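Asker: In case you want the letters, here they are:
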Amino acid sequence: MTVPVITLLTILLCSGILISGLLAVTLNNLLSAVISAGLASLFASVVYVVLAAPDVAMTEASIGSGLTTMIFLYAIRKTRGED
Amino acid sequence: MIKRLFILMMLAVMAVIFLNLAGNYRENTELSRLGHYYAENGPQELGAPNLVTAVVVTYRGLDTLGEVTVLFISAAGVGLLLRRTRRKQDDEDLEQGDRAEETAGVHKPASEIVETATELLLPMVILFGIYVFLNGHLSPGGGFQGGAIIASGTMFLLLALPESHISRLMIAVIESLSGFSYVVVGVLGVLLAGGFLDNRIIDPGTYGALFSAGAIPLIYVFVGLKVGFELSAVLDRFRKEDTGPL
Amino acid sequence: MFDSIGVLVGNLFLIIGALFLFSAGLGVLRMPDTYNRIQTGTKATTLGTIMILVGIACLHPSWTWKLIILVFFVMLTNPVSSHALARAAHSIGIRETEATVIDKLDDEDEPPREQAE
Amino acid sequence: MSLIADTPISLIVLCSGLALVLIGLWGMLTQRNMIRMIVGFSLTDTGVHMVMVSIGYVTGGTAPIINDAVPIAEAASRVVDPVPSALVLTAIVIGLGVTAVMLSVAIRIYKARRTLMIDECTESKW
Numbered sequence: 001m002t003v004p005v006i007t008l009l010t011i012l013l014c015s016g017i018l019i020s021g022l023l024a025v026t027l028n029n030l031l032s033a034v035i036s037a038g039l040a041s042l043f044a045s046v047v048y049v050v051l052a053a054p055d056v057a058m059t060e061a062s063i064g065s066g067l068t069t070m071i072f073l074y075a076i077r078k079t080r081g082e083d
Numbered sequence: 084m085i086k087r088l089f090i091l092m093m094l095a096v097m098a099v100i101f102l103n104l105a106g107n108y109r110e111n112t113e114l115s116r117l118g119h120y121y122a123e124n125g126p127q128e129l130g131a132p133n134l135v136t137a138v139v140v141t142y143r144g145l146d147t148l149g150e151v152t153v154l155f156i157s158a159a160g161v162g163l164l165l166r167r168t169r170r171k172q173d174d175e176d177l178e179q180g181d182r183a184e185e186t187a188g189v190h191k192p193a194s195e196i197v198e199t200a201t202e203l204l205l206p207m208v209i210l211f212g213i214y215v216f217l218n219g220h221l222s223p224g225g226g227f228q229g230g231a232i233i234a235s236g237t238m239f240l241l242l243a244l245p246e247s248h249i250s251r252l253m254i255a256v257i258e259s260l261s262g263f264s265y266v267v268v269g270v271l272g273v274l275l276a277g278g279f280l281d282n283r284i285i286d287p288g289t290y291g292a293l294f295s296a297g298a299i300p301l302i303y304v305f306v307g308l309k310v311g312f313e314l315s316a317v318l319d320r321f322r323k324e325d326t327g328p329l
Numbered sequence: 330m331f332d333s334i335g336v337l338v339g340n341l342f343l344i345i346g347a348l349f350l351f352s353a354g355l356g357v358l359r360m361p362d363t364y365n366r367i368q369t370g371t372k373a374t375t376l377g378t379i380m381i382l383v384g385i386a387c388l389h390p391s392w393t394w395k396l397i398i399l400v401f402f403v404m405l406t407n408p409v410s411s412h413a414l415a416r417a418a419h420s421i422g423i424r425e426t427e428a429t430v431i432d433k434l435d436d437e438d439e440p441p442r443e444q445a446e
Numbered sequence: 447m448s449l450i451a452d453t454p455i456s457l458i459v460l461c462s463g464l465a466l467v468l469i470g471l472w473g474m475l476t477q478r479n480m481i482r483m484i485v486g487f488s489l490t491d492t493g494v495h496m497v498m499v500s501i502g503y504v505t506g507g508t509a510p511i512i513n514d515a516v517p518i519a520e521a522a523s524r525v526v527d528p529v530p531s532a533l534v535l536t537a538i539v540i541g542l543g544v545t546a547v548m549l550s551v552a553i554r555i556y557k558a559r560r561t562l563m564i565d566e567c568t569e570s571k572w
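Chains as they are written, first to last, in this note's numbering: chain A, 1 to 83; chain B, 84 to 329; chain C, 330 to 446; chain D, 447 to 572.
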């Protein structure tokens, strides 16, 4: 019984999402936590391509992982990176 | 400690509910009735190959108008919250803190390579954003994606050349004009065609051509400009240490 | 005939590209300091990505023009972003390994020391 | 092995989306730093979007774009549901707006109180 490649790919991507999500809530460094949350979003955008929703994938890739991370970084800089 | 226990219990209850939901889930083998209607009649009725665009702009156009309004309100809220603090004392404290920070931190200007690459890449990023929202009815993409790409271009500019200035007047004018035109197109739909935001006010043209699908490309241009400039304004607000009064 | 040759060459390119990407991942794990990691993660991934895009161009000849644009973007953005990263790492004071011989950026930052010498 | 092979991909995405919702809620409820709470919110956001997109998936479906690859006659039997895609599309943009407003409130509180810890902002409790 062979596992289809697309199922393997989905499992890999979803475990990537879960691991980076867990890192985002557990990491001590605030900067690393924010970057991990962006990473989860980036993995999610690839999952949307697998699920045949390219419109959503484009939005998630540019907004979820680009602009959201960016405004988080600006906010950390404004609050002097307090943990 | 007891608080944490409560949180854990609540999450456990939610996890049980979610497990039930996931256990009863069966993957769809055919479309829902609504999706079936859109897939069957969308292309003939509206002339837009991209069904998501057809749903976003026309079938659920009112939702999109509301969504753009929400985005506008949030951009205005960010501008209101991040304006200069009025109290003198606070202000001086802040400014002194900033200055100390600036002299203490190593603040190097961008190198020549980055500047040159910005000049080369920025027009292409903007052009790609325009391409995405002009082709929204033919290929994946549309106003929101194109606007986000334009905002990414702004982000790139702010990162590479932090001293660059973005005209707030230009942002305000373009944003208001595109929002206004969006509503005007919607009202024209009431007057000339079937209802609010109906796209058949313009001749649909040949199916699959660039200038087809009636008013959909027009609406998406307005949405794209509005979203792009709003997100740029939000980024600009977040960048400034002390933004001026509104 | 040509089809099968195209498929063969395309798959070959894909495998070579994947090998380069794998070596990039290995290098990020094994290199001693930040700067060496940045340069592994840039050089090898740039070449690997270009190889994979060339392989796709062999498999789907009708996509060639779009893939050429992609190669252009990869070649333009990848080195610039790694350059900016390395400069940022240098400016927040991340040190090199002991084995480093020369640091031009450090010399550039402190001209007085050079004059004194 | 056959269990994994028989699992539909949308079920995998659905389960990890729900798990991400739980992770984000855990982050939101246990962290005391406001920016960390907002990070938890943004994870919950992503999880909900994944759940919605996976519900719209149809077995073996293609993207809902009717062109040469998918002729009009076969459209209704081959594409995935466009409605959840359209909803998620707008939800992502709204999510950015909400995150931006929350972050600016956090910055505002930091400017007034010089702290990001929510425990120290006690006067706003009832």
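I should point out that these hints are in silico values taken from the structure, not numbers from a laboratory. Each hint should be verified, as a subset may be incorrect.
No farther apart than 35 Å at their CA atoms in a straight line, the calculated lysine-lysine pairs in the DSBU-like style are these [what the hints assert, rightly or not]: (1) Lys-323/B - Lys-433/C; (2) Lys-372/C - Lys-395/C; (3) Lys-86/B - Lys-557/D; (4) Lys-78/A - Lys-323/B; (5) Lys-433/C - Lys-78/A; (6) Lys-78/A - Lys-557/D; (7) Lys-78/A - Lys-86/B; (8) Lys-557/D - Lys-323/B; (9) Lys-433/C - Lys-372/C.
As the structure is a prediction and not an experimental result, all values here were calculated from the model.
Asker: Hint by hint, say whether it matches the structure.
Answerer: Hint check:
1. Lys-323/B - Lys-433/C: Holds - the C-alpha atoms of Lys-433/C and Lys-323/B are around 33 Å apart, at most 35 Å.
2. Lys-372/C - Lys-395/C: 22 Å, holds
3. Lys-86/B - Lys-557/D: 29 Å, holds
4. Lys-78/A - Lys-323/B: Holds: Lys-78/A and Lys-323/B sit about 9 Å apart, inside 35 Å.
5. Lys-433/C - Lys-78/A: 32 Å, holds
6. Lys-78/A - Lys-557/D: Given pair Lys-78/A, Lys-557/D holds - Cα atoms ~9 Å apart, limit 35 Å.
7. Lys-78/A - Lys-86/B: Roughly 31 Å between the alpha carbons, so the hint for Lys-78/A and Lys-86/B holds.
8. Lys-557/D - Lys-323/B: 14 Å, holds
9. Lys-433/C - Lys-372/C: Distance ~20 Å between Lys-433/C and Lys-372/C Cα, so the pair holds.
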